[in-house]
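Given the coordinates of chain A, assemble chain B onto it according to the supplied hints.
Just so you know, the protein sequences line up as chains A and B, in that order.
At position 20 of the first sequence (counting the first as 1) the number is 20 in my numbering, and the numbers step up by one without a gap.
At position 44 of the second sequence (counting the first as 1) the number is 44 in my numbering, and the numbers step up by one without a gap.
Since the hints were made in silico from the structure, they are not lab data.
A quick note: this is a predicted structure, and the numbers were derived from the prediction, not measured.
Treat the hints with care, since some could be wrong.
Some chain B residues well away from chain A (every beta-carbon gap over 10 Å; in silico) [unchecked claim]: (1) 183; (2) 423; (3) 480.
Pairs of lysine to aspartate or glutamate, EDC-like flavour, derived with a Cα cap of 16 Å [said to hold, decoys possible]: (4) B/255 to B/210; (5) A/385 to A/137; (6) B/141 to A/137; (7) A/141 to B/158; (8) B/478 to B/436; (9) B/141 to A/153; (10) A/404 to A/285; (11) A/141 to B/436; (12) B/345 to B/213.
Yeah, the Cβ is synthetic: ideal placement off N, Cα and C, and Gly gets one too.
2 protein chains.
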Amino acid sequence: MTNGVEFLSRSLLDPGDNTPLYVQLQKRIRELIVTGVVSEGTRLPSTRKLATDLSLSRTTVLGAYDALRAEGLIVQRPGAGTIVAAHTSTGTTRKKHSKKEPAAVRLSNRGNFAVESPGPATNRSAPFQLGVPSLGEVPLKIWHSLVTRLSKEVTSRDLDHGDPLGYRPLRESIAQHLATNRAVYCTADTVVVFPGTMYVVDMAARLLADEGDGVLFEDPGYTRARRVLQAAGLRTQPVPVDEQGMQVTRRDRSKPPARLAYVTPSRQFPLGVTMPVARRKALLDWSVETDGWIVEDDYDNEFYTSSHETPSIQGLAPDSRVVYAGTFSQSLFPSLRVSYAVVPKGLVSAFSEMRTLLDGHSNTFNQMVLSAFIDEGHYGAHVRKMRQRYGERREELISLVNEKAGEFLDVQRGNGGMHVVVHLRKGISAEEVAREGSTLGLVLPQLARYYQTETAANGLLLGFASASSYELRKATDKLVSVLKRCSRS
Amino acid sequence: MTNGVEFLSRSLLDPGDNTPLYVQLQKRIRELIVTGVVSEGTRLPSTRKLATDLSLSRTTVLGAYDALRAEGLIVQRPGAGTIVAAHTSTGTTRKKHSKKEPAAVRLSNRGNFAVESPGPATNRSAPFQLGVPSLGEVPLKIWHSLVTRLSKEVTSRDLDHGDPLGYRPLRESIAQHLATNRAVYCTADTVVVFPGTMYVVDMAARLLADEGDGVLFEDPGYTRARRVLQAAGLRTQPVPVDEQGMQVTRRDRSKPPARLAYVTPSRQFPLGVTMPVARRKALLDWSVETDGWIVEDDYDNEFYTSSHETPSIQGLAPDSRVVYAGTFSQSLFPSLRVSYAVVPKGLVSAFSEMRTLLDGHSNTFNQMVLSAFIDEGHYGAHVRKMRQRYGERREELISLVNEKAGEFLDVQRGNGGMHVVVHLRKGISAEEVAREGSTLGLVLPQLARYYQTETAANGLLLGFASASSYELRKATDKLVSVLKRCSRS
Numbered sequence: 001m002t003n004g005v006e007f008l009s010r011s012l013l014d015p016g017d018n019t020p021l022y023v024q025l026q027k028r029i030r031e032l033i034v035t036g037v038v039s040e041g042t043r044l045p046s047t048r049k050l051a052t053d054l055s056l057s058r059t060t061v062l063g064a065y066d067a068l069r070a071e072g073l074i075v076q077r078p079g080a081g082t083i084v085a086a087h088t089s090t091g092t093t094r095k096k097h098s099k100k101e102p103a104a105v106r107l108s109n110r111g112n113f114a115v116e117s118p119g120p121a122t123n124r125s126a127p128f129q130l131g132v133p134s135l136g137e138v139p140l141k142i143w144h145s146l147v148t149r150l151s152k153e154v155t156s157r158d159l160d161h162g163d164p165l166g167y168r169p170l171r172e173s174i175a176q177h178l179a180t181n182r183a184v185y186c187t188a189d190t191v192v193v194f195p196g197t198m199y200v201v202d203m204a205a206r207l208l209a210d211e212g213d214g215v216l217f218e219d220p221g222y223t224r225a226r227r228v229l230q231a232a233g234l235r236t237q238p239v240p241v242d243e244q245g246m247q248v249t250r251r252d253r254s255k256p257p258a259r260l261a262y263v264t265p266s267r268q269f270p271l272g273v274t275m276p277v278a279r280r281k282a283l284l285d286w287s288v289e290t291d292g293w294i295v296e297d298d299y300d301n302e303f304y305t306s307s308h309e310t311p312s313i314q315g316l317a318p319d320s321r322v323v324y325a326g327t328f329s330q331s332l333f334p335s336l337r338v339s340y341a342v343v344p345k346g347l348v349s350a351f352s353e354m355r356t357l358l359d360g361h362s363n364t365f366n367q368m369v370l371s372a373f374i375d376e377g378h379y380g381a382h383v384r385k386m387r388q389r390y391g392e393r394r395e396e397l398i399s400l401v402n403e404k405a406g407e408f409l410d411v412q413r414g415n416g417g418m419h420v421v422v423h424l425r426k427g428i429s430a431e432e433v434a435r436e437g438s439t440l441g442l443v444l445p446q447l448a449r450y451y452q453t454e455t456a457a458n459g460l461l462l463g464f465a466s467a468s469s470y471e472l473r474k475a476t477d478k479l480v481s482v483l484k485r486c487s488r489s
Numbered sequence: 001m002t003n004g005v006e007f008l009s010r011s012l013l014d015p016g017d018n019t020p021l022y023v024q025l026q027k028r029i030r031e032l033i034v035t036g037v038v039s040e041g042t043r044l045p046s047t048r049k050l051a052t053d054l055s056l057s058r059t060t061v062l063g064a065y066d067a068l069r070a071e072g073l074i075v076q077r078p079g080a081g082t083i084v085a086a087h088t089s090t091g092t093t094r095k096k097h098s099k100k101e102p103a104a105v106r107l108s109n110r111g112n113f114a115v116e117s118p119g120p121a122t123n124r125s126a127p128f129q130l131g132v133p134s135l136g137e138v139p140l141k142i143w144h145s146l147v148t149r150l151s152k153e154v155t156s157r158d159l160d161h162g163d164p165l166g167y168r169p170l171r172e173s174i175a176q177h178l179a180t181n182r183a184v185y186c187t188a189d190t191v192v193v194f195p196g197t198m199y200v201v202d203m204a205a206r207l208l209a210d211e212g213d214g215v216l217f218e219d220p221g222y223t224r225a226r227r228v229l230q231a232a233g234l235r236t237q238p239v240p241v242d243e244q245g246m247q248v249t250r251r252d253r254s255k256p257p258a259r260l261a262y263v264t265p266s267r268q269f270p271l272g273v274t275m276p277v278a279r280r281k282a283l284l285d286w287s288v289e290t291d292g293w294i295v296e297d298d299y300d301n302e303f304y305t306s307s308h309e310t311p312s313i314q315g316l317a318p319d320s321r322v323v324y325a326g327t328f329s330q331s332l333f334p335s336l337r338v339s340y341a342v343v344p345k346g347l348v349s350a351f352s353e354m355r356t357l358l359d360g361h362s363n364t365f366n367q368m369v370l371s372a373f374i375d376e377g378h379y380g381a382h383v384r385k386m387r388q389r390y391g392e393r394r395e396e397l398i399s400l401v402n403e404k405a406g407e408f409l410d411v412q413r414g415n416g417g418m419h420v421v422v423h424l425r426k427g428i429s430a431e432e433v434a435r436e437g438s439t440l441g442l443v444l445p446q447l448a449r450y451y452q453t454e455t456a457a458n459g460l461l462l463g464f465a466s467a468s469s470y471e472l473r474k475a476t477d478k479l480v481s482v483l484k485r486c487s488r489s
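So that you can see chain A by itself, here it is in the shape it has in the complex:
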C-alpha cells in the first residue's frame, strides 16, 4: 500500500499561483487522494512534520487539513492521527472506466446522423475547392476602421443580453437590402439574425416538425442540409430535380404529408438551375394545401447573373408559408458567423423563444459593425464587385474547360454562383478522376455524392470563386492530364 508521505513531500506548491497557500496544498493532497495515488486508510503526516518537509507555516497545513476534513476526504482518528477517509478513492471507478472508455462511447441514433462520415478533410486553398469566397478581396481596412470606431461607442448596456432576434439596426439594414434586391417581403420585425443558415434549417425543423416527420428534399441536393434535417429526426424524401429545379409534382404522396420542403430555388445546389415562377407557385400551393412549410435557402443569393434573377419564393405571396434563409458567409466572410432568416409573422415569437433558450443571440458587437458596414454602402459595393469578379472567373473557367478539355467534359451552363458542374463523356469515370485528381492536390467533388437515390450521374463540381486566372489555368491543366490518364485506362 502506497505511503502518502513520500508523495506529499514531493508535491510542490506553485509560488506564481496567487491562490492562498493552504488552498494550494489542499488541492495537491486532494488530487493524490481522488486519483487513488494515496489510498484509503493511508495515514497522513502530522501537520508539524508536513510543515517542516514543505517549509510551510503550520497554520497553512492546518488550514489545508481542515478544508480536506470539511470535504470529507480525510478523518481524524484518535491515536492513529489523520487518515484518508474510506470510500473516497475513485480507484474502482477508474478501473471500471478504463475498461469502457473510449470504446464505450455510444452515440444516440440521431447523433449518428450528425457525425456521419464527412468524407476526406478538404484543403480550403486547393484548386477547384467549393464554397470558399475570395477572402483576399474583402475590404479589411474598412472593416477594421469600423471595428475601431464602434468599439469606442460600446457602453456597459451593450454588454448585457441583446435581442434574441438580433441587433435591431442590423435587422433593419438586412430587411432593406432584401426587399430591394431579392423581392423579399419583410420588415425588421420578421428578420432574425442567426450564426449560419444550417442553424436556421435546424431550428425550423425542430419548431415545425417532430421525430419521424417527412421533409421534401432536392435530389441531388445539399448534403449538409440533409444531414441537419436527419439529425433533427426528419425523414428526407428525395424529389427529383430537373432543369427547372425540384419537381414538386413528383413528390412522395404518402400520408401524412411532409411537414417541410427544403429548396434552393435561386440556384439549385449543386446543379445551378433556377426554379421558374410557375413551379415556385406550385410549391406555395403545396404548402397551403398540406399546412406544410417551405425552407428557402437563398445561400448565395448575391451572385446571380442579373438576366436570370428571379424573385424569392417568399416574396411571391405576402403571407407565404416560407422561412427564407440567407448568409453573409459567402458574400462577406465565413468567420463572421452572421446569417439571417425572414420568418412568417406567426412564427417570429417561436423563433425568438427557442433562440433565447438555446444560445440567447449572436454576439452584439459584430452585429453593430456589420450593420454600419451595410449602411455606409461598403457591403453593396463589395457584393457588386464580387458579383462581377465571380462572373468573369466563371466565364474564364468555362472557356478554359471547353478549350482544353472539351473532348472529355460537357459544361452544364448554370446560373452564376461559385462553381460549375461538368459532366464526363462516357468512358471516363468521375470517381476515378476524383481519386486521381486528389493525388495531384485537386479537390474534385463528384456530382453523384449529392444524390440520396441511385444515380447514373457522372460529373464533377469545379469551384472557382477564390482562384486567380493563373490558378484556374494551372488547375485546368492538371485536370486535363488526369482526364487523359483516365480516358486511356
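Relative to the frame of chain A, chain B by itself:
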C-alpha cells in the same frame, strides 16, 4: 378586369437604384403580375408605347419583356401582342393563405416545449433581478484597447472558417484556467468553445440521447435547462435535492435507465448548496454502471467562497463520463456569447462534427480578443475583484434582511453565487409577496417555480450581483413594506 397599362405607366423606376434599368422595369412589372394587380390575359402595352410613357429607351423595355418571357410570366400572342401568361397570378394562393395565417401556425410537439410560456418579461435593471452580472465594473477600456490592437493583426486567413472546437489559443487559455482553478482534468484538445452553456446541454442531449430517453434532473432545478432537455425530446426525471444537492440514491430506477444526469454541483441552482465529494463519486459510479453521462453545469464557477471550494465532478476521475460546462456570461458579460465545455476524449470528434453541421463555430475575432484578455491577466484580475464584490454584497444583503425582515424571512446560507434564497415564515405566501412586489417594481422569483413536482416550498430568490449598497437598502425597504402588508392580510 384591371387594365395593366395604367398601373405600368404609373410605376416609377428608382434612379438611385443602380441595378440596370431593364431589370428594374422587369421587377416592377413582375410585382404587378405576381401580386395579382395585373391579372392573367391582360394585354401589356407595346414596347414602343411603354418606352414613350416611361421615357425609357425601347431597348430597355425589350430587355424587360424578354426577361419576363424567360420567367414565363408573359407570352407573345400573334395578333394580340404581349399578354400576361395564364396561371401566374397568386390570387388564389393568397386567398387560401389569408384564411389560414397566422391562426394556422401549428408548432411541433417538441417545439411547444421550447416556447412554453417564459413568464412575465423581467426588467434586467430591477432590484433583486437574478443572473445579471455587474456590467458597470467590466474593464471596458482594457477590452477595447485589445479590440483595437488585435483588429490590426487580423489577416484574410482569419476570415475563413475557423476550428469548430474553437480558436486554439483561447482553448489553451481556458484549459489552463480550469485546471488551476477548478481541478478540471483537461487540455486544449478537450476544451470546446460554445456560444452558451444551454447550447452545450442541447448538443449533449442530442448526441447522447434519443427522443423519449430519460435525464436525471435536480428538483428544484434550473428551469431553462429543463426546457432545453425537453425540447430535445428527453423526459426529465425529477430527483430531490437536499443540503448535499441531488439525492442520487433517490433516482428513478425504471428501465431503461436515464441516459443523462444534469447537475449543478458547485452551487446547486437555485438552492445554492454544494455537493460533497462522496455524492459526486456516487454520481460517477451511476454513470459507469448505466453507461450514462453527467452534464456538470458549473455556471458561475468563479464566484465561490473559497472555504467551500470543491473540485469539479469531472476532475474526480481522469476519464469520467462527464461533459463539463462553464461560461463567461456571468464572469465577464453576456453579449460576448462565449461559453465552453470540457468533453471526454471519446466525444470530441462528435461535438466537433455536430458543431460543424449546425453553425460551424463561434465568431473568430471575439475569441482572439478574449484569449488575449485572459492571457494578459485581465480576466483573473476581474474575477478576483468581482468575487470579493459579490461576497460583500451577499453579506450586506443577508444582514439587511436579517436586520429589517428577520421576523418574516429565514435566509438560507448558501455558498457564494449571485443570489440568496429566503424562506417565508408561515402565514405569508411567497406568491402573494411576489405579486405585490411586482407592483413596486421588485422582481421576486418564487422558489416553487423551480420545482417540477408538487412542493410546499414558500420562498423567494433575491439577486444582488448588480446592485449598489444604496439600491440593496432601498429594495429591502420596499420588500419589508410588502411583507408587512402581506402578513396583515
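Here is how each hint holds up against the structure:
1. 183: Residue 183 of chain B is in fact no farther than 10 Å from some Cβ atom of chain A, at 6 Å.
2. 423: 25 Å, holds
3. 480: Non-interface label stands for residue 480 of chain B: nearest chain A Cβ at 28 Å, farther than 10 Å.
4. B/255 to B/210: Holds: residue 255 of chain B and residue 210 of chain B sit about 15 Å apart, inside 16 Å.
5. A/385 to A/137: Given that 16 Å is the threshold and the Cα spacing comes to 9 Å, the pair holds.
6. B/141 to A/137: Given pair residue 141 of chain B, residue 137 of chain A is violated - Cα atoms ~32 Å apart, limit 16 Å.
7. A/141 to B/158: Holds, at about 14 Å.
8. B/478 to B/436: Status holds; Cα separation ~10 Å.
9. B/141 to A/153: 11 Å, holds
10. A/404 to A/285: 46 Å, violated
11. A/141 to B/436: It is violated: about 55 Å lies between the C-alpha atoms, which goes past 16 Å.
12. B/345 to B/213: 23 Å, violated
Checked against the numbered hints above, the structure violates hints 1, 6, 10, 11 and 12; every other hint is satisfied.
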